[in-house]
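J.: These are the residues of each chain, in order.
2 protein chains.
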Amino acid sequence: MSDLAIGVFDSGVGGLTAVKELNNILPNENIIYFGDTARLPYGSRSKDTILRFAKEDIDFLRQHGIKMIIAACGTVSSIINTMTLIEDIPFTGVLLPAVQAACSSTLNGKIGVIGTQATIKSGSYGRAIKTIRPNSFVLGKACPLFVPLVENGYTDRENKIAKMVAEEYLEPLKKEDIDTLILGCTHYPLLKDIISDIMGDDVTLISSGEEAAKFTQLSLLEQNLLNTSDKLGENIFYVSDSVEMFEENARKFLNDDVKGNVFKVDINC
Amino acid sequence: MSDLAIGVFDSGVGGLTAVKELNNILPNENIIYFGDTARLPYGSRSKDTILRFAKEDIDFLRQHGIKMIIAACGTVSSIINTMTLIEDIPFTGVLLPAVQAACSSTLNGKIGVIGTQATIKSGSYGRAIKTIRPNSFVLGKACPLFVPLVENGYTDRENKIAKMVAEEYLEPLKKEDIDTLILGCTHYPLLKDIISDIMGDDVTLISSGEEAAKFTQLSLLEQNLLNTSDKLGENIFYVSDSVEMFEENARKFLNDDVKGNVFKVDINC
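Order-wise, the sequence lines are chains A and B. Numbering of the first sequence is given in my numbering, commencing with residue 1 and proceeding in unit increments. Numbering of the second sequence is given in my numbering, commencing with residue 1 and proceeding in unit increments.
Hints were generated in silico from the structure; no laboratory data involved. These numbers come from a predicted model, not from an experiment. Note that beta-carbon positions come from the ideal geometry of N, C-alpha and C, so glycine has one too. Hints should not be assumed to be uniformly reliable.
Stated by the list, open to error - One-sided and incomplete, this derived list gives chain A residues near chain B with beta-carbon spacing under 7 Å:
hint, residue
1, ALA38
2, MET164
3, ASP241
Please model the complete structure; the sequences and the hints are all you need to start from.
T.: Rendered as structure tokens:
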């Protein structure tokens, strides 16, 4: 069983930030990724629709011999919260790993959360943080233009438009003097430079994709499921829309940091 | 047959700009609208996927007793171009009506086209314009951030972010001294004030949704299919994601200019 792949899904390229970190800390693991590009973005859809899509994504990954599943999508993770979508193999979203990291990092107990509209509306981050650290102050802020900015390449540290949008979104978080900020959407690490310049050096940024990868390592170790092969692992990507468009977006998103073959699949959409 | 409704579809709320104009010029017509909100936006998807979605949208409308269909979606219209998706009843996209209006309006023969990435990449507007006016100069520019800006309410004439994005996109069109600009996406009329301020009074803006509505009037008149009832017509909206979210977006999009009941349907997605 430890030879099986880790299954990762997201609506598009965002989850690649988790794959990048998995490749980094677990180089011998095989990854099977599903990007539901024919139905992205999930962030502006209703809870029922997001839940249905997530179940279909999981069913797809299950057909490919996997030992663990990561919902590398901030929106799915916050909608399901701590709900168990899978019982028979290890599973994680990006919410709990990010919340644990934030609760360990904060000194003043003031934590900010940014994410899609669905993520912030769900209030899941706040509930999870207060379960672990009841006296925390949590401020959530939806940043609906961040995903389109990232997907259209507006990520350069000096990009005026991205800076102006980020300043508008982050203003209320700055005012509240938070010392830790959860990037609750796997696209947002691409705006890390801009966010960091605005928030200042004293605010720790938590990348939900990276934390999910670290959590996966612990989870596999604990269950004795780490791949013991000394061969380098392989990434295989499946997408529900065009292969070329995914490859182009992935390149824009992470340059050539993540490699692997991409195949088109017909999911029920 | 003339009592039947006009069927209109789009990926989301954009097509409501066509409905608004239909209600205005053909107040006695009944409208059945399908907004494929579970799968929007169409603008960033591949040609094959957009075509498949469009066919499913048409199949859905056909089940509801209609006498004509409008593809009130710039992306679908440019992908199908002059292709006939429907043979037995009148059909129009937004492309040809907008192109005809632009070719009648231009004095210097320099026409700009703005739309989603898929629309501009297709080159359909340019080909159609040159068929009607072979000596025209056509410049297309994709404006991928306009739809997210509109859908997140960044439409006020003085909105700094929308102005900055629009200035960046429209700069090359201004340089070429175009005198007519086709808004090739049904969302863009919401940014008309900002676009007009940048382009100046001498540039005529053509709203593709409005032109499609006017074309529909002519088409129904010609085929003797205009509703002769003296009762006010009714709008009925079907959406593939949440009713509440559509109502909220529609309100943001057009205030209360377009009225009607909204129902959720399960399309194959």
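J.: Checking against the hints above, which ones are violated?
T.: The structure breaks none of the hints.
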